[in-house]
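Please work from the sequences and hints to get the whole structure.
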Amino acid sequence: MPELPDVEVYRQYIDATALKQKVKRVQVNAPKVLQDISAQSLGRRLAGERFKRTSRRGKHLFVELTDGSHLLLHFGMTGNVHYYAGDGEQRPKFAAVVFTFENDCVFSYINKRKLGTVSIIDDPEEFAAENRLGPDALSLSEQEFLERLEKGRGGIKAFLMNQRLMAGIGNEYSDEILFQARLHPAVGLRSLDPAARKRLFGALKSVLHTAIECRVDPEKFPRSFITPRRREGAPCPRGNGTLVKQTVAGRSSYVCPQCQQA
DNA sequence: AGTACCACCTGACGGC
DNA sequence: TGCCGTCAGGTGGTAC
Numbered sequence: 029m030p031e032l033p034d035v036e037v038y039r040q041y042i043d044a045t046a047l048k049q050k051v052k053r054v055q056v057n058a059p060k061v062l063q064d065i066s067a068q069s070l071g072r073r074l075a076g077e078r079f080k081r082t083s084r085r086g087k088h089l090f091v092e093l094t095d096g097s098h099l100l101l102h103f104g105m106t107g108n109v110h111y112y113a114g115d116g117e118q119r120p121k122f123a124a125v126v127f128t129f130e131n132d133c134v135f136s137y138i139n140k141r142k143l144g145t146v147s148i149i150d151d152p153e154e155f156a157a158e159n160r161l162g163p164d165a166l167s168l169s170e171q172e173f174l175e176r177l178e179k180g181r182g183g184i185k186a187f188l189m190n191q192r193l194m195a196g197i198g199n200e201y202s203d204e205i206l207f208q209a210r211l212h213p214a215v216g217l218r219s220l221d222p223a224a225r226k227r228l229f230g231a232l233k234s235v236l237h238t239a240i241e242c243r244v245d246p247e248k249f250p251r252s253f254i255t256p257r258r259r260e261g262a263p264c265p266r267g268n269g270t271l272v273k274q275t276v277a278g279r280s281s282y283v284c285p286q287c288q289q290a
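First residue of the first sequence? That's 29 in my numbering, and the numbers climb one at a time after it.
Take the hints with a grain of salt, since some may be wrong.
[Unchecked claim] Across the chosen pairs, the derived CB separations fall in these ranges:
hint, residue 1, residue 2, range
1, Ala113, Glu178, 49 to 57 Å
2, Leu174, Asp115, 51 to 59 Å
3, Glu158, Ala44, 16 to 24 Å
If you're looking for bench data, these hints aren't it; they were derived computationally from the structure. Quick caveat: nothing in here was measured; it's all calculated off a predicted structure. All C-beta atoms in this analysis are idealised placements derived from N, C-alpha and C, irrespective of residue type, glycine included.
Pasting the structure below:
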């Protein structure tokens with residue numbers, strides 16, 4: 029799940045729960061997710077620190093600590109977070125890293141497939157530069173977006189998912205954006221006319237904003253979205269036919285052949 | 001520069 | 001019910 033809207037909702041969730049709490053101890057159940065840090069030193073770095081404030085860039089979530097360093101969370105394909113009272117509720121399944129606070133509440137970084145990342149970094153900006161992460165997709169102006177479009181050469185779906193051009197869009201939301209913009213994912217950037225370019229930018233913003241407003245709950249998504257019915261043979265929300273699945277940019281993609289011409 | 005493919009991990013699901 | 005193959009919303013490396 030975790031693309032930009034999901035990670036934004038996780039961020040808001042942390043703000044509403046674990047923020048300002050002081051860490052008592054850290055338990056690492058899946059050392060695999062730790063990057064450039066041992067379980068022991070993660071615990072040492074965090075003990076006594078508070079979760080001061082959160083930020084996000086694309087699919088990366090940062091929690092600033094009292095000492096100015098940042099806890100970095102990336103969720104891969106199966107990451108999630110959960111906060112609960114330590115005594116009553118039982119530890120969620122697949123809890124990879126568990127943070128216990130002074131108030132005995134628990135913040136859990138969950139990751140079933142362990143493809144995510146937990147680390148401590150000095151500075152998110154520096155991290156983004158080192159990893160060549162593009163600007164957050166929601167902070168991108170139309171002009172910046174169009175400039176990037178003009179420089180690109182490949183297919184439109186690969187463009188949207190390229191984290192170096194803009195950060196945050198993954199497989200699922202790229203399909204939704206392209207459906208809303210009525211563009212086929214395999215269309216080459218250079219064949220897009222100005223109206224299509226503008227439409228794409230509008231769809232990008234509205235899809236991401238809408239998903240966040242709905243707290244990424246597919247049941248709350250507008251009827252016009254394909255995400256809640258993301259499977260082959262599902263009806264096109266515009267009543268134009270049925271969705272088909274095809275591989276584009278190496279990923280499973282769902283398109284309405286009537287609305288989205290190749 | 002862009003794409004295609006593999007690897008990383010492990011669970012969920014459908015078919016037999 | 002049980003086993004097996006297939007697929008999964010991310011990312012990074014490698015090889016064209």
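The hints, checked one at a time:
no. : hint                          : result
1   : Ala113 <-> Glu178: 49 to 57 Å : holds, 52 Å
2   : Leu174 <-> Asp115: 51 to 59 Å : holds, 54 Å
3   : Glu158 <-> Ala44: 16 to 24 Å  : violated, 30 Å
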